[in-house]
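Each chain, letter by letter, is given below.
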Amino acid sequence: MAPSALSKLSEIAANDALPVALDAVHKARAQIDSWVRTMLGRDFDERVRYVSQSLGPSGVDPFGFDPEWAKYALAVTAFLHRVWFRTEVHGIQNVPSGRVLIIANHSGQVPIDGAIIGTALFLDRDPPRIIRSMVEKWSQTLPFISTFFGRCGQVVGVPENARRLLEREEAILVFPEGSRGISKPFSQRYRLTDFGLGFMRLALETDTPIVPVAVVGAEEQYISLANARSLGKLVGMPAFPVIPQLLVPGLQLPLPTKYRIYFGEPLRFSGDPDDDDAVIEEKVWVVKATIQSMINRGLKDRKGIFW
Amino acid sequence: MAIDMATGKLRRNRAKDATAETINDEPAVLVTGIVGRLGKRVARNLHRERRVIGVDRRPFVDKPKDIEHYEIDVRRTKTRDIFRSNRIAAIVHLGVMHDPRASAAEHHSWNVAGFQKLLEWVTQYRIPKLVVLSSANVYGPSPDNPQFLTEEAPLLGGASFSEIRDLIEVDMLAQSFFWKHPETETVILRPVHILGTVRNAPSNYLRLKVVPTLLGFDPMVQVVHEEDVVRAILLALRPGVRGIFNLAGPEPAPLSHLLRVLGRPSLPVPHPIAASTLSRMWRYRVSSFPAPELDHIRYVCMVDDARARRELGYEPSKTLEETVRAVDEDRWP
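Taken in order, these protein sequences are the chains called X and B. The opening position of the first sequence corresponds to residue 1 in my numbering, with each subsequent residue numbered one higher. The opening position of the second sequence corresponds to residue 1001 in my numbering, with each subsequent residue numbered one higher.
What the hints contain is simulated information worked out from the structure, not anything from laboratory work. Note that the Cβ used here is the ideal one computed from N, Cα and C, for glycine as well. Don't take every hint at face value.
Stated by the list, open to error - Not the full set, but computed from the structure, chain X residues with beta-carbon under 8 angstroms of chain B:
id	residue
1	S10
2	S58
3	T141
Claimed, not checked - Pair by pair, the computed Cβ-Cβ distance ranges are:
id	chain 1	residue 1	chain 2	residue 2	range
4	B	P1154	X	V76	35 to 43 angstroms
5	B	R1101	X	E136	52 to 60 angstroms
6	X	P273	B	R1285	48 to 56 angstroms
Construct the entire structure; sequences and hints are all you get.
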């Protein structure tokens, strides 16, 4: 009884409902496709083709990155990059072609800075580069988000994955400040918090150059008065920024500040990856100081927050 | 130590004496679980070049003439007679029960106790080669898995799916045997989802008319053609080969790509609904998939088989498309 009813149901689903739904999806996709093209120009398709070269017949790389998917996400971040934040990109050719760790300051309450760095490397560098970043393991348990992250080239944050990606000569974006950096209140803006040491051990182990990056402009996109850490703990979030603008209708979007991204010259380090924390810290300090001075220079150069 | 060795030798001589007239000195490959679809393929690939002895509870219906088949349970002492009266050069252990419907006790006794018995005879009769077919499922799908697991990764498959614990136990037994008995070349093969005419969960899943998937999840998966697994087993039988080897097939692809290759419609179901429905269907015997196995279409469980490619000389011969389409080829009645 039950199996026959089920098979009937599945037949209806397969023969009637599915084609209609698929047709609607195809139409919607065609429309979005044409919008994407007008937004990003013909050059964009060439860039997608360039990064797809090495992919197998399924069009997806071993880590689940799929340019056909990623281009939709890129269309949205490209809008933020070109129109909303009008990003000024400096020194992007400092990013080499082989394996590289991109180390940046983290700010702005919502990790838009990562998306903009990734978009800049795809749209503004010749040839384009796909950036991989490490996402929280917990995100893998969320429907849609896990698939979306994977198709956009994000990987689960375990050291094995980072090592494997660098061995494949890929670019990895790391924010050594982590959630400490992104949830800084407004009063602490542009002051780097403590750096984690993991990225340096990884760089030493895999002999990877480090490109320091300073993002200026993201701190002002959301103005956070304080970080209610204990409240965050209560709801299971790593931070709980207090952002009054979220209560004003229409201000949920980030403020349209002007982003400025500075890519520094690659730094190379050598030494034992298993050294004492004190030894590693010294090397991390060099990176941190470089980024801080790049931020300071950027702040001095800018005439205003919004232009 | 010397005494041990002496008594061992003594016992062996006595055994030889008792069956002096019946002993067959031509070295043979003993295949447990030979009647399974994979076992039959191994036997057919092997019997022209080497003597093959099969052990299985089930009758071997379309058996090639030169294969000797013993229709007995590995756990029974009668199996020992095979060792006594034949010179066994290698054992291919495929006789692992995967049926999640069998009772836990029967499952455990067959898989673990049976394998322990087999290991006893391997030591006693000094079999030089033991090939054990384990599975990449022993690692288990999980949200914090690295994209590619190496042979050193912990075997956590039982954490959410307890029925797989005896398969992990078999793998661990084989591992400790590998270390304790260097005189036997032990090979443990851990293939990813095997596809083909085999009647295992992944093949059966892909054979469904409408394939249910989990809404919002499309993990990268690895599959391997049964023939490629057979080739790996034959490679593992070569003298000098020992160790643990992951076996991946062609390049990994998203689950949705496999369904696209097969041209099967899929039915995305939200995970909580799928889990509760499936566990109910499982209870009422409408479905043959236990609910915890849903994790395989939710999280990654992929392996790095660089070691097999380097040391075993293994390379999958089938493309992804051929491998996936194999589930629809010549269905057995």
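Tell me, in ascending order, the numbers of any earlier hints that this structure violates.
Per hint list: single violation, 5.
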